[in-house]
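Sequence order for the protein chains is C and Z.
Position 153, counted from 1, in the first sequence is what my numbering calls 153; the numbers after and before it change by one each time, with no gaps.
Take any residue in the second sequence, count from 1 to its spot, add 248: that is its number in my numbering.
Hints listed in this document are in silico derivations from the structure and should not be mistaken for laboratory results.
Remember, predicted model here, so these are calculated numbers, not experimental data.
Think of the CB as a built atom: it goes at the ideal place given N, C-alpha and C, for glycine as much as any other residue.
Fair warning: there could be bad hints in the mix.
To be verified - Below are the BS3-like pairs computed for lysine-lysine, each with C-alpha atoms no more than 25 Å apart in a straight line:
1. Z:K423 - C:K112
2. C:K74 - Z:K341
3. Z:K526 - C:K144
To be verified - Selected chain Z positions facing chain C (Cβ under 8 Å, derived; list incomplete):
4. S295
5. K341
6. L345
7. F412
8. E414
9. G420
10. A421
11. Q425
12. I430
13. N434
As the list claims (entries may be wrong) - Pairwise CB distance ranges (calculated):
14. Z:K257 - C:R60: 56 to 62 Å
15. C:G63 - Z:Y339: 24 to 30 Å
16. Z:P360 - C:S64: 55 to 61 Å
17. C:S139 - Z:F261: 48 to 54 Å
18. Z:A352 - C:E220: 45 to 51 Å
19. Z:A352 - C:I16: 28 to 34 Å
20. Z:N343 - C:D136: 48 to 54 Å
21. Z:P327 - C:G14: 51 to 57 Å
22. Z:N355 - C:D193: 18 to 24 Å
23. Z:A259 - C:G174: 37 to 43 Å
24. C:G147 - Z:F524: 23 to 29 Å
25. Z:V374 - C:R60: 49 to 55 Å
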Amino acid sequence: MVKFDISGLKVWFGAIQALEGITLQVEANEILGVIGPANSGKTTFLRMLNRLNELEQNFRMTGSVKLDSSDITKIDIELLRKRVGMVFALPLPLPLSIFENVAYGARTHGVKAKKSLRDIVERSLTQAYLWDEVKDRLSASAFKLSGGQQQRLCIARTLAVEPEVILFDEPCSGLDPISTAKVEEAMLKLKKDYTIVLVTNNVKQAARVADRTAFFLGGELIEIDATQKMFTAPADERTDGYIRGRFG
Amino acid sequence: MRNPQCSQKIAFFFLFLSTLLIVVPVGIIIAIIIIKGAPAINWEFLSDMPRQGMRAGGIFPAIVGTLYLVSGAIIFALPIGLLAAIYLSEYAKDNFLTRLIKLAIVNLAGVPSVVYGLFGLALFVVFFKFGVSILSGSLTLGIMILPIIITTSREALESVPYSFREVSLSLGASKWQTIRHIVLPNAIPGILTGTILGLGRAAGETAPILFTVAAFYLPQLPQSVFNQVMALPYHLYVISTQVPNVDEKIRYGTALVLLVLVLFVNLVAIIIRYRFRKKKKW
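Using the sequences provided together with the hints, build the complete structure.
Set out below in structure tokens:
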């Protein structure tokens, strides 16, 4: 089943073109890895999917992005962002307690009962493999956690609004290998219930967790294929060069 | 080229000297006011009406008047200023018109206070027919401190990291929810700073209240917002220049009360701000 159907997507910020006609589909319950060097348009692509690019004043686009075959510009923007959650590159806890960070999204969507909020927080933190580490200090500031814990808190915060898709924007770029492993473990468990798009600078990470991988270069989609095939026999020599670390 | 150690010492000396030049006169002024004014301070001075043509008795009506005016100015200016600041920093698009508005607001903060006084006289006293009253005076002081409150509130709102807004929006919160629950709580210390500055200015200015509210001599408390009141800065001016043979200690005593009142108001705001800052977690 196709979750996201992107066709002919071009994006400009002022005079600078960031995406030059991207056409691809994201399947439901897959992890789609997106790799490519800096400035290749991966993050712009990701931020298209929850319309976060529109916060930029000089943003302009053509082409279409469809979620479950309805155009995302026709979906109410708050509802779209509830359905399509995002985990950012740096751990960005809100200046609230651990509990309130996770409960924040649910609260904004109208959950008021204390009991339901507590259930949501426990379930989300458990899903993000953080519950056991923080269950005794839920009222402590989120900034007291380590970097890896903060990033898993951000994942829990995203899960708490019960999205259908989770966008990961280089989620492990600031983390040590053990924290990275924990985040990756969480992602692999999550794909059973969620569709995941993972933008990563770390080619090996895509190889470890992605079902399919897309390679972006200079705002263009060079190649998209099953990860296994991409990493053994890429169709394009630029893909081969990037994966082998010859440039980028 | 002189050696860097030496030029560093010279730089330090001048930096220190400049700081000293600021601190010392302020210290001397405060010391003189305290030394000369303290003997006048007693319960009667603070709680009694002026008597014998303001040459004896207390300054109670002026204290009450200043408190009324400052409260009125803040009640009027803080909500309007804050809402305008939220609009300008969060909603208004960055274009020529909004840049012009921002520039105008910054410049309004530098307009001489007597101009605000005349404006208040024309608009509130004459045009709206509020008369020379607490209402006119409070509104005039409020308008005078609006630019300060807007400018500092805007800076406070804009200093909240942009990433917090992105995170909140990415969770499906609306723009207003984001402002209400994430931006505003973290901007409160800065907003309070602006309010403190505004309060101090409103309490101390003479010119804006001269034509709009201040009474020369009124040995009774106001009954409504349409009454005149005495106010400390104007009272100080009156007993220093208009009434002959006022004992020096009464003049300095009045100045001391005004000073302490402003400091006290500031202190309250500083304590509130400190409490909020302690909760700040990034």
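C:G147 versus Z:F524 beta-carbon gap, inside 23 to 29 Å or not: Given range 23 to 29 Å: holds, Cβ gap about 27 Å.
Cβ separation of Z:K257 and C:R60, checked against the hinted range 56 to 62 Å: Holds - the Cβ-Cβ distance for Z:K257 and C:R60, about 57 Å, lies within 56 to 62 Å.
Hint validity - Z:G420 Cβ closer than 8 Å to any chain C Cβ: Interface hint status for Z:G420: holds (3 Å vs cutoff 8 Å).
Whether the CB-CB distance between Z:V374 and C:R60 falls inside 49 to 55 Å: With a Cβ separation near 52 Å, Z:V374 and C:R60 satisfy 49 to 55 Å, so the hint holds.
C:G63 versus Z:Y339 beta-carbon gap, inside 24 to 30 Å or not: holds, 29 Å
Holds or violated: C:K74 to Z:K341, with C-alpha atoms at most 25 Å apart: Holds, at about 23 Å.
Interface restraint verdict for Z:S295 against chain C (beta-carbon cut-off 8 Å): At about 46 Å, which exceeds the 8 Å cut-off, the nearest Cβ of chain C leaves the hint on Z:S295 violated.
Range hint 18 to 24 Å (beta carbons of Z:N355 and C:D193) holds or violated: violated, 57 Å
Pairwise hint evaluation, C:K112 against Z:K423, where the allowed Cα distance is 25 Å at most: holds, 20 Å
Beta-carbon spacing of Z:P360 to C:S64 - inside the hinted bounds 55 to 61 Å or not: holds, 59 Å
Status of the Z:E414 interface restraint (C-beta, 8 Å, chain C): Because about 7 Å separates Z:E414 from the closest Cβ in chain C, which is inside the 8 Å limit, the hint holds.
Outcome for the supplied range 37 to 43 Å, where the beta carbon pair is Z:A259 and C:G174: The hinted range 37 to 43 Å holds for Z:A259 and C:G174, with Cβ atoms some 39 Å apart.
Going through the hint list in order, the structure does not satisfy hints 4, 6, 21, 22.
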